[in-house]
Amino acid sequence: MTVLLALLVAPSGASAITAVPRSGGSSNADSIAELYKIILAISVVIFLAVEGFLIRALLKYRASNGAVAQETSVTPRSEIGWAIGATVLVAVLAALTFIKLPSIADTPAGKTITVNVTGRQYIWRFTYGNTLTSPFTYTQMVVPSDTVVVLKIQSTDVIHSWWIPALGGKTDAIPGNTTSTWFKAPTPKSPEGDLYNGQSAQLGGRQFANMLASVRVLTPAAYAVWLAKQTAELKAANKQSFDTRKKLTQDGQIPNLSPAP
Amino acid sequence: MSATSQTGNNGLPEIVTSTVAPKTARQRWISAFTTTDHKRIGRLFIGTAFGFFIVGGTEAVLLRLQLGVANNSLITPDHYNQLFTMHGTTMMFLFLTPMVIGLANYILPLQLGARRTAFPRIGALAYWLFLAGGIALYATLLFTPPEAGWTSYPPLSSAEFSPSAGQDHWIYLFLLTGLSALLSSINFIATSITMRAPGMSWSRVPVFAWTILAYAGLTIVALPVAAGAASMLLFDRNFGTSFFDPTAGGSPLLWQDLFWFFGQPQSYMALLPAFGIVTEVLAVFAGKASGTQKAITRSVLLIAGLSLLTWGSRMFTTGGSNTLNGIFMITTLLVFVPTVSIIFSWLSMLNKGAIVTSSPFLYAAGFVSVFVFGTLTGLFLAIFPVDWQLDDTAFVTAQFHYTVAAGAIFGLLAALHYWYPKLSGRLVSESLAKVAFWLIFAGFNITFLVQYSLGLDGMPARIYEYSTTSGWGAESLISTVGSVLLSIGILIAAVNFIRSYTNGALAGPDPWTGNTLEWFTPSPPPEHNFDVVPTVHSVEPMRDIRAEIARSSTGV
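Protein sequences appear in the order of chains A and B. So for the first sequence, my numbering puts the first residue at 96; every next one is plus one. So for the second sequence, my numbering puts the first residue at 16; every next one is plus one.
Some hints here could point you the wrong way.
[Claimed, not checked] Covered by chain A, per the in silico footprint, the following chain B stretches (three or more residues, Cβ under 8 Å): (1) 266 to 273; (2) 378 to 385; (3) 404 to 414; (4) 510 to 516.
No lab work stands behind these hints: they were computed from the structure. No residue lacks a Cβ here, since even glycine has one placed at the ideal position from N, Cα and C.
With the hints as extra help, turn the sequences into a complete structure.
Structure (structure tokens):
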């Protein structure tokens, strides 16, 4: 109990203890952290009161100190009182949740891009568009700042869970389903952009610990440059691949299977 | 005593004697396998479950050693996944449930004033099914143990991604121990309905017996659903069906719904008997009658009912509708209401008591202090947007251990220390028990408190390694040190049990001045439990009997 109290009361700066989930990368993560802090404040008060009462009783009413037991019984009145108190508390928590929910769950209006996120053992793939020639990256997603980024999340094998803590909560990647979440990151401080790290949170097999993910946030202008470069490079690579295949087909080394990109 | 006592109808029980022919060594050996005595079955359950507790705890320490430092290579990734799967499965199905069943087998008929259980042979069958389940799981050590976690989510647990027969053996374990729990539950309910002592109306049934009834009722309602799901997984893996295979029209989420319909109440099933034990222990060692018992019984039954509506709280991150998430949030939060009532009842029981800090009391009070923390941190997981941040992280591991594992460690150790004199006829060494308790209490909090922080800092549960840049090293090391302390404490408690079995001081029938009928009979009780079953006049019959003896011996 002393340990519990000491750790709980200790100022968070004085130790490595983290008492609040990460936020700062997106308004939905910030809203979750605010909701969390409200529950934390209520819990700390209840915790201190209950543990305080418990410790006091344990120290004060010892038979070895000559205490004599006085019969106590829980009257219907106190039982109903506790029930009302607890119900009011959970009703307040539920109400606060529903008040905060739109700022967490609803995709905000404004400039929006969609990134398709595909999880598989043990890597994340990000596709910037819906065609076969759309640019894509693995492990690191690149997005523009001050833009709503909607993620369409899928899996090709087992269940994974998309999670970048500072950008909001988890969304599972479930084979056969498409799930969705969003974030909107602030303007980066440096030209290389801001980096937000995370990793899959759902057990996906032996190397699940290394299914890392990160999001690099660039200014919209830098993002446009990056995307154009990716598109051009992919186009060049596709062309090179097509030319090589065409040559090999003409030489009769491989059968002609695929149409031109 | 006066002549009236021979009539046996003035409240004082009549004493009769019986002779039992001693058994030969051969008869004793045969009877070890064929016994239908609920006390011997209970001892088999308790002893075997405690053995699995040590095994599951060893697995946990190995997991913690791997996580003690960043980029550790002590344990390979496949062995790590096998270890946490075995740890979770062992603790849930081979320790927690069978320990509850063992205690109930032993204590429930004694508390009710019954001479046996309603279905003694079913009680015996339940033990051998449980043992078969344990052997089925640990036989996988000879080839490849399961590695999809104790929750076995498909598609990871499907034949494609878990081709080893280890996963099939996990299903055999689930079905065998499930059948054992189901049969035991039927036996407990039938015994409680038909075999209570004369005068023991339902309102005079002790709180531990009520919590066992709640456990049994939940098992009968919830377990068959998950047993069906496990059978479907077995069919998917071996006979080409596709219940959970999304590439052939199945749904992986179907497993989660069916499994958690049982799995979420399973957490409460393990906790409710701990509530009953803690209530009885606090009352006895605070010198109180059970003035708070009815309130606690009501709350326990309410929790049992509500827990059947909370399974969706384990699926908040699966992308379902927020209306449904909201409903499951409210049902999960509602469990908080009776839980508050129970905690406050315990506090009012301790208030103005005359507390004797014997070992069972320490464990019970330790449970209360830890469980309060677990309950409050559970609020965060019930609020679904907050759960989106916390789900699948070390925060969940920590909260699970602060509630369910607290019930298992503190609640069941309180029970074992409380009823040890009844089982063995002897007392444990109190000084050793206190050393063990403080090591366990400190070790438990050091191990799991920092895991809340790790989860908030982004550490997923079940990862086998993390990088030095993650910033999780210091807290992970603290947690590992704590788990070693916790293990040392539990080993000391185990040594204490073993040593006291032959060396402990003789306990006599009622070493704690208990309130309930199991303390009326000798320790250990004879095969027929009671020479005479007293008539019950209240919820604490031993108080009445002591008062009656005091009255008649002073001649008032």
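Review point. Can you give the numbers of the hints that this structure goes against, from lowest to highest?
Key: Checked against the structure, the only hint that fails is number 4, while the rest are satisfied.
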